[in-house]
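Generate coordinates for the entire structure from the input sequences, incorporating the hints supplied.
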Amino acid sequence: MTGTYGLVERAIRHCQILETVLVETMISIVTEKLDTQKLLESVSSPKSGASVLFVGTTRQFTGQRETTFLSYECYREMAIVKLQELCDRAQEKWPIEKCGIVHRIGEVAIEEASVAVAVSSPHREEAFQAAEWLMERLKQEVPIWKKEHGVDGGQHWVHEGSVIEPQGGSA
Amino acid sequence: MKVRLKVFAAAKEIVGLGYVDLELTDGARVCDLKTALVQCVPELRALVGRSAFAIDQRYASDSDAISEACEVAMIPPVSGG
Chain L
57 MTGTYGLVER
67 AIRHCQILET
77 VLVETMISIV
87 TEKLDTQKLL
97 ESVSSPKSGA
107 SVLFVGTTRQ
117 FTGQRETTFL
127 SYECYREMAI
137 VKLQELCDRA
147 QEKWPIEKCG
157 IVHRIGEVAI
167 EEASVAVAVS
177 SPHREEAFQA
187 AEWLMERLKQ
197 EVPIWKKEHG
207 VDGGQHWVHE
217 GSVIEPQGGS
227 A
Chain G
21 MKVRLKVFAA
31 AKEIVGLGYV
41 DLELTDGARV
51 CDLKTALVQC
61 VPELRALVGR
71 SAFAIDQRYA
81 SDSDAISEAC
91 EVAMIPPVSG
101 G
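Chains as they are written, first to last, in our numbering: chain L, 57 to 227; chain G, 21 to 101.
Just so you know, the hints here were simulated from the structure itself, not pulled from any lab data.
Predicted model, so just to flag it, every value in this text is computed and none were measured.
The beta carbon of each residue, even a glycine, is placed where N, CA and C say it ideally should be.
Warning: the hint list may mix true and false statements.
[What the hints assert, rightly or not] Under the rule of at most 30 angstroms between Cα atoms (straight-line distance), these lysine-lysine pairs were calculated in the DSBU-like manner: (1) G:32 with L:103; (2) G:26 with L:203; (3) L:89 with G:32; (4) L:94 with L:149; (5) G:32 with L:203; (6) G:32 with L:195; (7) G:32 with G:54; (8) L:195 with L:149; (9) L:103 with L:203; (10) G:22 with L:89; (11) G:26 with L:89.
[To be verified] Chain L residues, not near chain G, derived (Cβ > 12 angstroms throughout): (12) 165; (13) 170; (14) 196; (15) 206.
Here it is in structure tokens:
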């Protein structure tokens, strides 16, 4: 009997370990409108006391320049790998429960969302910090590009920023 | 060896296609690929200098070696978000 009990106990413990390791992460690149509610729900956890949802939207005015819409392009295979890697690194840096990132590509109208990041953690501080860090790293490392389309009919790729170092840095 | 380099965003517009086929010597490195790319498409010179390159979906340095089986890509400065 003790042997059977031991087996069951080990099985339960094994499941608990699997549960902590296999935290599902919502990572996606989509062409349709972002479902931010679904992303927020994906980070829900009974262990969390805080969920942070950041949503980046298309801004109409940047200084004097007026934008009519943005369009995004990505290197999909690598972008997915990098987004997953950022979530893994965030999980290592902070005691967060879950996180997820969705990015839209194609045309994104004024006020519509192009990106959303969600993080849950036992306490809010880590969730806020991790969400901000994820957005910063996304803008530096993930192969996604934005093109601004202006009211004057002009358009240009936004290629500011520095060259990315191999390994993507660890800042 | 023949390598098909993926290109994106402004680089893709300059090329007019999503890739550039390059002929490289065996054992070529990323720096050799850049030289071959600029020879093939001189209009890319300025952007190549500001871009990163990736091998098999990982950022690579100039000294990293390329093989025919690799997926290579030119990554202009990114601007997601």
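For residue 26 of chain G and residue 203 of chain L, compute the direct alpha-carbon distance and say whether it is at most 30 angstroms. Judged against 30 angstroms, a Cα distance of about 19 angstroms means the pair holds.
Under the criterion that the straight-line Cα-Cα distance not exceed 30 angstroms, is the pair residue 195 of chain L, residue 149 of chain L satisfied? Within the cut-off at roughly 18 angstroms; holds.
Are the Cα atoms of residue 89 of chain L and residue 32 of chain G separated by 30 angstroms or less? Distance of about 25 angstroms is within 30 angstroms: holds.
Restraint check for residue 32 of chain G with residue 54 of chain G, where alpha carbons must lie at most 30 angstroms apart: Holds. Residue 32 of chain G to residue 54 of chain G sits at ~15 angstroms (cutoff 30 angstroms).
Regarding the assertion that residue 196 of chain L does not contact chain G, is the least Cβ-Cβ distance greater than 12 angstroms? With a cut-off of 12 angstroms, residue 196 of chain L comes too close to chain G, as the shortest Cβ separation is near 7 angstroms.
Are the Cα positions of residue 32 of chain G and residue 103 of chain L separated by 30 angstroms at most? Roughly 46 angstroms between the alpha carbons, so the hint for residue 32 of chain G and residue 103 of chain L is violated.
Would the hint linking residue 94 of chain L and residue 149 of chain L be met if the CA-CA limit is 30 angstroms? Given pair residue 94 of chain L, residue 149 of chain L holds - Cα atoms ~25 angstroms apart, limit 30 angstroms.
CA of residue 103 of chain L to CA of residue 203 of chain L, is that 30 angstroms or under? 40 angstroms, violated
Can you confirm whether the C-alpha distance between residue 26 of chain G and residue 89 of chain L stays at or below 30 angstroms? Distance of about 27 angstroms is within 30 angstroms: holds.
Restraint check for residue 32 of chain G with residue 195 of chain L, where alpha carbons must lie at most 30 angstroms apart: Given that 30 angstroms is the threshold and the Cα spacing comes to 20 angstroms, the pair holds.
Checking the smallest CB distance to chain G, is residue 170 of chain L really beyond 12 angstroms? 7 angstroms, violated
Quickly compare the C-alpha distance for residue 22 of chain G and residue 89 of chain L to 30 angstroms and report which way the hint goes. 40 angstroms, violated
Of the hints listed earlier, those the structure fails to meet are numbers 1, 9, 10, 13, 14, in rising order.
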